[in-house]
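The whole structure should be built from the sequences, with the hints applied where relevant.
Each chain, written out:
4 protein chains.
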Amino acid sequence: MGESQLPGDAAGPVRHHGNRHGRSEDARRAVIRAADDLLVERGFAGVTIEGIAARAGVAKQTIYRWWGSKVDVLFDTFLEDATEQLAPPDNGTVRSDLTAYLRQLAAFLTEDDAGAVLRALVGQAQHDPGLARTLRESHLDQLRNRELAMLDRAVGRGELPAGLDLDEALDRLVGPVYHRVLVTGGPVGPEVTDRFVDAFLAACAAAGEPAPVPPDQG
Amino acid sequence: MGESQLPGDAAGPVRHHGNRHGRSEDARRAVIRAADDLLVERGFAGVTIEGIAARAGVAKQTIYRWWGSKVDVLFDTFLEDATEQLAPPDNGTVRSDLTAYLRQLAAFLTEDDAGAVLRALVGQAQHDPGLARTLRESHLDQLRNRELAMLDRAVGRGELPAGLDLDEALDRLVGPVYHRVLVTGGPVGPEVTDRFVDAFLAACAAAGEPAPVPPDQG
Amino acid sequence: MGESQLPGDAAGPVRHHGNRHGRSEDARRAVIRAADDLLVERGFAGVTIEGIAARAGVAKQTIYRWWGSKVDVLFDTFLEDATEQLAPPDNGTVRSDLTAYLRQLAAFLTEDDAGAVLRALVGQAQHDPGLARTLRESHLDQLRNRELAMLDRAVGRGELPAGLDLDEALDRLVGPVYHRVLVTGGPVGPEVTDRFVDAFLAACAAAGEPAPVPPDQG
Amino acid sequence: MGESQLPGDAAGPVRHHGNRHGRSEDARRAVIRAADDLLVERGFAGVTIEGIAARAGVAKQTIYRWWGSKVDVLFDTFLEDATEQLAPPDNGTVRSDLTAYLRQLAAFLTEDDAGAVLRALVGQAQHDPGLARTLRESHLDQLRNRELAMLDRAVGRGELPAGLDLDEALDRLVGPVYHRVLVTGGPVGPEVTDRFVDAFLAACAAAGEPAPVPPDQG
DNA sequence: AAGTAACCGAGACGGTACGTCGCGTCTTACG
DNA sequence: CGTAAGACGCGACGTACCGTCTCGGTTACTT
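Residue numbers (the numbering used here), protein chains in the order written: chain A, 85 to 302; chain B, 85 to 302; chain C, 85 to 302; chain D, 85 to 302.
No distinction is drawn between identical chains; accordingly, a pair holds when it is met within one copy or between any pair of copies.
EDC-like mimics (lysine to aspartate or glutamate), calculated; alpha carbons at most 20 Å apart, straight line:
#, residue 1, residue 2
1, 154, 212
2, 144, 134
3, 154, 125
4, 144, 110
5, 144, 109
6, 154, 110
7, 154, 121
8, 144, 160
9, 154, 164
10, 154, 197
Worth flagging that the hints you see were computed from the coordinates, not collected in a lab.
Written out as structure tokens, the structure is:
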């Protein structure tokens with residue numbers, strides 16, 4: 085999983101074809117493109133190594149040389165178009181940041197091709213602990229850190245209470261969105277995500293004051 | 085999907101054996117049991133029709149006669165042991181109900197065998213819209229209705245504001261739990277779920293009053 | 085093989101249907117008819133117990149109750165229409181008897197439905213010694229005896245030499261016909277079979293005299 | 085049927101191993117050998133693609149890649165060991181040639197493993213016109229041509245009448261042998277085949293002279 | 001007239017083998 | 001040395017029939 089060895093990123097236009105100078109960039113892109121297309125056209129089960137190879141005009145061995153499985157290829161497919169697509173913003177106010185980000189997240193998950201890939205990967209991760217780990221380490225953790233930074237900026241600005249557990253706060257924010265997308269299939273339009281932000285901010289505001297509803301006595 | 089036709093339904097010791105009167109109850113249970121065991125022991129990929137058949141001492145054709153796929157079998161596996169396992173309680177107070185339920189939900193998803201099946205099904209549903217639909221219609225909707233009733237009781241008692249959108253409220257409650265389980269893999273122990281309930285109640289309380297933090301002007 | 089128990093042959097029109105008095109004649113005929121049709125329409129491989137049962141509107145068990153296999157059914161099929169179809173004639177002269185019989189045999193094997201069944205059975209008998217034995221004992225031996233009697237009559241009339249080995253003579257007569265039908269697929273029209281008879285008779289005639297060509301000295 | 089594409093043809097140690105240059109010769113031989121063994125040990129019904137694959141240590145797909153059915157494999161099995169096994173001799177005299185050849189043929193059909201394969205193929209050909217055609221075109225016709233040449237040499241030497249229909253003559257010669265082997269199961273030892281030759285030669289001799297028995301008047 | 005027993009249809013069952021698909025590994029020839 | 005090509009052993013797929021079984025219904029001989 086995730087054993088994809090990227091080619092010489094910095095080295096400029098390395099672009100060979102059946103030679104001794106490193107992997108073929110053409111082949112790499114053809115594979116990723118083919119995998120993406122197949123996922124969108126035929127769904128996860130329709131993505132096979134043989135299918136990718138045939139569609140990309142590439143030998144199976146070439147795929148196995150650089151990736152470990154079809155999930156690995158999809159993973160690169162995902163990284164290719166999605167890495168910077170989900171950028172927690174920095175607009176200056178919590179409300180603005182959060183509403184913007186949740187709208188962006190919802191749209192990404194439901195409308196973007198890369199979002200479809202992510203859903204497929206998260207789905208597959210339920211069957212495959214190794215993939216789950218790779219997925220988190222290679223992507224979700226970075227994203228999460230950027231999301232946490234967004235919250236941290238709000239704390240710095242005094243918009244969120246200092247003692248807030250940012251991890252849990254984040255789950256309370258994005259959790260409902262993921263839940264609708266992955267589990268209920270319910271709508272996640274801007275009105276919905278905006279209200280999620282409202283509720284989140286209301287809870288945070290209340291947490292900074294004496295709780296108006298006394299805790300459970302039992 | 086979900087094309088399993090149950091036999092003698094409600095009552096009566098209907099216990100046939102492969103004749104014109106319907107399917108063999110023995111075979112049905114052996115299949116479901118085998119699928120469950122295989123999922124727990126070897127994971128989703130380790131569940132195969134051939135494997136189930138061999139383990140259950142049943143012919144493949146018998147499985148194909150009554151179920152459409154391994155997912156279908158797992159679905160019945162899930163219904164078998166989980167239908168009543170997740171019962172939103174009615175303890176008399178919101179806080180008590182919600183903390184109890186979220187603890188129960190988290191434990192189910194992370195510790196119970198049926199929870200493992202549910203995670204697998206939700207994962208597979210990401211690749212299979214038909215399964216997603218069946219899963220919701222056959223199970224998740226009922227559960228959700230019971231969950232909504234739990235919230236509704238709290239509204240009736242005046243513990244939650246009357247104008248609350250219960251659907252969104254529910255997503256804000258259980259969403260963070262599912263998110264941790266399905267996406268981040270973070271912990272969902274009682275302390276965590278209790279704090280989720282705290283935050284939820286705080287937000288609801290605030291919603292019933294003039295908001296102490298003014299909404300974003302932009 | 086050949087375990088078909090025929091019903092009370094002599095007892096008149098025994099014709100019941102789901103009772104305790106013996107097998108259903110309707111079912112028996114429907115089965116035989118279905119098997120015959122299937123053989124002609126779809127060939128030997130297209131004859132299956134399930135297919136016969138479905139086509140005859142009969143339960144599989146009914147077939148297994150009275151026959152042992154599809155070959156057994158075909159066997160009855162064959163006996164039904166072919167037992168008396170191949171009757172070595174008694175016209176008074178060898179030449180007449182033999183030409184008539186060989187023409188009849190060739191036509192039966194190549195044109196008659198029952199001939200198709202016989203070819204199928206002989207074919208199957210190559211794979212199945214048990215069937216081969218049954219086939220000979222139940223049918224071919226009787227036929228052969230009638231054929232031998234035909235030759236014996238000719239010997240009695242002095243038309244064939246007294247010392248003739250009738251078994252070998254018969255093989256020299258019908259063997260070429262079977263060979264063409266079963267092996268080469270060559271034509272076996274009346275002109276051909278008539279010439280076979282000519283040659284046979286010529287050899288027999290020569291055997292009654294001093295051989296004009298001296299035997300090999302080596 | 086007979087769609088087996090042979091590799092390196094005539095000569096040269098072409099010995100590849102499952103690459104772009106053609107099929108694996110090892111696999112081909114293992115398959116043929118396994119099929120042969122299974123036929124001899126368990127009969128035609130005991131020959132299955134799965135059985136062959138297992139015994140040969142070969143994947144089913146490899147068999148299906150190069151052959152179309154078990155009959156196809158048996159066909160190659162047969163060609164492998166039998167092509168030159170039946171060689172009509174050229175000893176200089178008809179009697180010598182024919183007695184030798186008929187003995188050889190009878191022994192081949194009744195004792196040789198390849199003979200068993202041929203019997204199975206001829207049997208199967210009764211159910212399968214395609215196989216019948218292939219069998220004739222791929223093997224029997226060549227053999228027949230060699231047999232006809234043997235007779236033709238005798239005609240050239242003046243040992244057989246010039247006007248003889250060689251095709252029919254051949255059927256009269258080998259037909260009785262095939263008949264015994266395929267139909268009656270009667271013995272075909274040297275004494276028997278020698279007498280078949282005697283009769284054949286007697287008929288031919290008589291055909292060259294005024295017939296001592298006048299033809300039928302009716 | 002009721003009971004009973006043999007045969008019927010239907011069809012589910014545990015199996016074997018089918019022919020296909022995709023896996024991941026391999027060997028080669030080319031550039 | 002990386003590539004396209006593709007054969008290989010392997011495992012699982014979903015299907016077709018096999019031969020066995022249990023069932024409820026029908027019918028005609030008991031009693």
